[in-house]
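Number of protein chains: 2
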Amino acid sequence: MAPQPVIRSRQTEKTINGIPTQVVCTEFSNYIFIVLTQYGKIGTLVSITPDTRSGEISLPLFTTRVLLGKDEPLTHVYAKNVAMFVSQESGNRPVLLGLSLKDNSAETMKNVKDMIKACQVW
Amino acid sequence: MAPQPVIRSRQTEKTINGIPTQVVCTEFSNYIFIVLTQYGKIGTLVSITPDTRSGEISLPLFTTRVLLGKDEPLTHVYAKNVAMFVSQESGNRPVLLGLSLKDNSAETMKNVKDMIKACQVW
Numbered sequence: 305m306a307p308q309p310v311i312r313s314r315q316t317e318k319t320i321n322g323i324p325t326q327v328v329c330t331e332f333s334n335y336i337f338i339v340l341t342q343y344g345k346i347g348t349l350v351s352i353t354p355d356t357r358s359g360e361i362s363l364p365l366f367t368t369r370v371l372l373g374k375d376e377p378l379t380h381v382y383a384k385n386v387a388m389f390v391s392q393e394s395g396n397r398p399v400l401l402g403l404s405l406k407d408n409s410a411e412t413m414k415n416v417k418d419m420i421k422a423c424q425v426w
Numbered sequence: 305m306a307p308q309p310v311i312r313s314r315q316t317e318k319t320i321n322g323i324p325t326q327v328v329c330t331e332f333s334n335y336i337f338i339v340l341t342q343y344g345k346i347g348t349l350v351s352i353t354p355d356t357r358s359g360e361i362s363l364p365l366f367t368t369r370v371l372l373g374k375d376e377p378l379t380h381v382y383a384k385n386v387a388m389f390v391s392q393e394s395g396n397r398p399v400l401l402g403l404s405l406k407d408n409s410a411e412t413m414k415n416v417k418d419m420i421k422a423c424q425v426w
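Residue numbers (the numbering used here), protein chains in the order written: chain A, 305 to 426; chain B, 305 to 426.
Next up, chain A with everything else stripped away, as it sits in the complex (with noise of 0.2 angstroms):
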């Protein structure tokens, strides 16, 4: 077997609504770095980090910035939508998203979050 490499990282590829998806996970100790594209751009870059305070158990909250692109509302709202769930699976880190989909509709974001599941690196 070839030696693990040290820092992980997986791809998958899926046509979704007739569009091919490509979505790349990989770990580092500070981030875990996920790109979903369907131009085979980084595209729009945001960080999402976990906000910590102490004595809350209500809705885990997070803070959303965009690196780089437009900055626009929605952005913020599909960053959230799938990238809160694998900041929370690991262990609370943040996430650093790479978005660049032609169709961002309920059905595309299941889809893409099905295939960030199947590129665990955490």
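In case anyone wonders, no lab produced these hints; they're calculated from the structure. On a predicted model such as this, the values are computed, not experimentally measured, just so you know. Some clues are possibly wrong.
Since the list can't tell identical chains apart, any single copy or any two copies may satisfy a pair.
Once the Cα atoms are required to be at most 35 angstroms apart in a straight line, the calculated DSBU-like pairs of lysine-lysine come out as [stated by the list, open to error]: (1) 318 / 406; (2) 318 / 374; (3) 318 / 421; (4) 345 / 384; (5) 406 / 374; (6) 384 / 414; (7) 374 / 421; (8) 345 / 414; (9) 384 / 406; (10) 318 / 345; (11) 414 / 318; (12) 374 / 384.
Keeping the supplied structure of chain A fixed, place chain B upon it in accordance with the hints.
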């Protein structure tokens, strides 16, 4: 043979001056994404973008911008030093660079550039 993944990514590891060093290079259509790490972290995230000015045949110009992490003058110097040749070799694509080095000596910089060359994805 397994099908070639759509998004090309390569990584390598080498011990430089006693420090395990990882390099990961991933090709997107609009960016080359490179992480240089001696901490397993993404580290400081810097974009290196070639300036498009016509009629100039002097030294190439690049704009560096820190997207995540401490914005220190030397970070821009290191980022240009290791990423300019990648941009030039990849058809003037911008580079997104994660920089997380314990040792920023000239020798280490030379070594990581050789590691990037060994992970050529463009």
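Verification of the hints:
| no. | hint | in the structure |
| --- | --- | --- |
| 1 | 318 / 406 | within (14 angstroms within a copy, 39 angstroms between copies) |
| 2 | 318 / 374 | within (26 angstroms within a copy, 37 angstroms between copies) |
| 3 | 318 / 421 | both (13 angstroms within a copy, 31 angstroms between copies) |
| 4 | 345 / 384 | both (20 angstroms within a copy, 22 angstroms between copies) |
| 5 | 406 / 374 | both (15 angstroms within a copy, 33 angstroms between copies) |
| 6 | 384 / 414 | within (13 angstroms within a copy, 39 angstroms between copies) |
| 7 | 374 / 421 | both (27 angstroms within a copy, 32 angstroms between copies) |
| 8 | 345 / 414 | both (20 angstroms within a copy, 29 angstroms between copies) |
| 9 | 384 / 406 | both (18 angstroms within a copy, 32 angstroms between copies) |
| 10 | 318 / 345 | both (16 angstroms within a copy, 29 angstroms between copies) |
| 11 | 414 / 318 | within (13 angstroms within a copy, 39 angstroms between copies) |
| 12 | 374 / 384 | both (16 angstroms within a copy, 25 angstroms between copies) |
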